[in-house]
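Peer 1: Residue strings, one per chain:
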Amino acid sequence: MSIWEYANPRKFMATSGALLPWVSVIAAILVVGGLIWGFFFTPDDFRQGSTVKIIYIHVPAAIMGSSAWFMMLVTSLIWLIRRHHVSALAAKAAAPVGMVFTLIGLITGAIWGQPMWGTWWEWDPRLTAFLILFLFYLGYMALWEAVENPDAAADLTSVLCLVGTVFAVISRYALLFWNQGLHQGASLSMDAEENVADVFAYPLWTCIIGFVFLFVALVLFRTRTEIRARRLRALIQRERIA
Amino acid sequence: MIGLLIRDLRLAIRAGGGFGLGLAFFLIVTVLMPFGIGPETGMITRIAPGILWIGALLACLLSLDRIFALDWEDGSLELLATSPLPLEAVAGIKALAHWITTGLPLVAAAPVLAILLNLPPEGFPWLIASLALGTPALSAIGTFGAALTVGLKRGGLLLSLLVLPLYVPTLLFGAEAARRGAEGMDALTPLALLAGITFLTAAAMPFAAAAALRVNLR
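If you're matching them up, the sequences are chains Z and X in order.
The first sequence lines up with residues 0 to 241 when you count with numbering that gives the first Met the number 0.
The second sequence lines up with residues 0 to 217 when you count with numbering that gives the first Met the number 0.
Derived from the structure by calculation, the hints contain no laboratory data.
Every residue, glycine too, gets a C-beta built ideally from N, C-alpha and C.
Only true hints are included.
Which chain Z residues face chain X? A few, computed with CB under 8 Å, are given here: (1) L134; (2) F135; (3) G138; (4) A141; (5) A151; (6) L155; (7) V158; (8) L159; (9) V162; (10) F166; (11) A173.
Footprint (simulated), chain Z over chain X, 3 or more residues, beta carbon under 8 Å: (12) 153-161; (13) 189-198.
Given only the sequences and the hints, what does the whole structure look like? Please build it.
Peer 2: As structure tokens, then:
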């Protein structure tokens, strides 16, 4: 099995069609199970009370918000280098999903920040970098919409994705220079001394893995839609010529 | 290459609107800011570097779509693409011409406007240095944005949506250097980082712009 086989849309449609129900069911079980576990079967935090429970949405959404951009970077590169059409469509399909995850991360963060930090929004490097990532998603999607020729659109958005990645990373570190920040550091690392207590970490990991499956399911679904839309376009054009 | 640069400069001057418009816009934005903020001198002095940087950035943005649009309309962009000059060099020269016609006048006008905003005297050299070092990056990034949107019908608005997030690091370091300079703190570190951004964009963005142009000229 190699990804080049799936440059053939027929093959991709067959495989993704078979995988999609499984991925969706696993995503539903993990997300719903993880959220119920997290919301009802974990104790309240000593200081934060029950507000801590938003972590089960906030952290997975934030992780997927930035991972989705990374996935778009990889698929864009595959398209630019090898003209893998399904790859370009997957990047297009992932953008709105990633944007929504980023937005969920921002909004849940604001809802949590209001009682805990006493503010909805703080110009903290991590928060601001996420807001900028959100703007990148908007620009990327707008460029897809604006260019009429699908191949040219795929090329231009891929170049934008590459340049945007570089600037998103530079911005992330530039923001650290600008403001020291309020957001807590990583607390799920494998190598850190002090992490989130296991009682919270297990449901959290369940939710994170569930969100990964959710993302895969949504992207597969949207890529299939894009391929069908592309086929429909081709059919209409053929009709017009005939 | 020099011929192309001279041609672009001549076009910008003779066609009008190249030099003057950006400068006038910079002036108006800077004058309008205190109306929005209130007339307290202390407050205006404190945020003067930020106002000037935002004003310069917006003035730069205003003229970006002209970089390739005119050449695209009359077909000379295709001639340039088929000429022996590599497209990367064309993009680089276009960015340089844009900087000379908009960035450089902005740098020259900034001290005058800084007086209007009561910027403390020790901040002037830092403000000028940060603008002189930072505006080339704005032109280089903008050339890439203009190359992405050159063939589009409603490219102008999209161009600002694409380019403004890319301007974040430049604005951040530029305004930080000017602010620290005005407050008498050490401004050399942000200035050095700003120079790094400028050199990086000047080296890399012509390649990205050329790649986008090739797609649009296909």
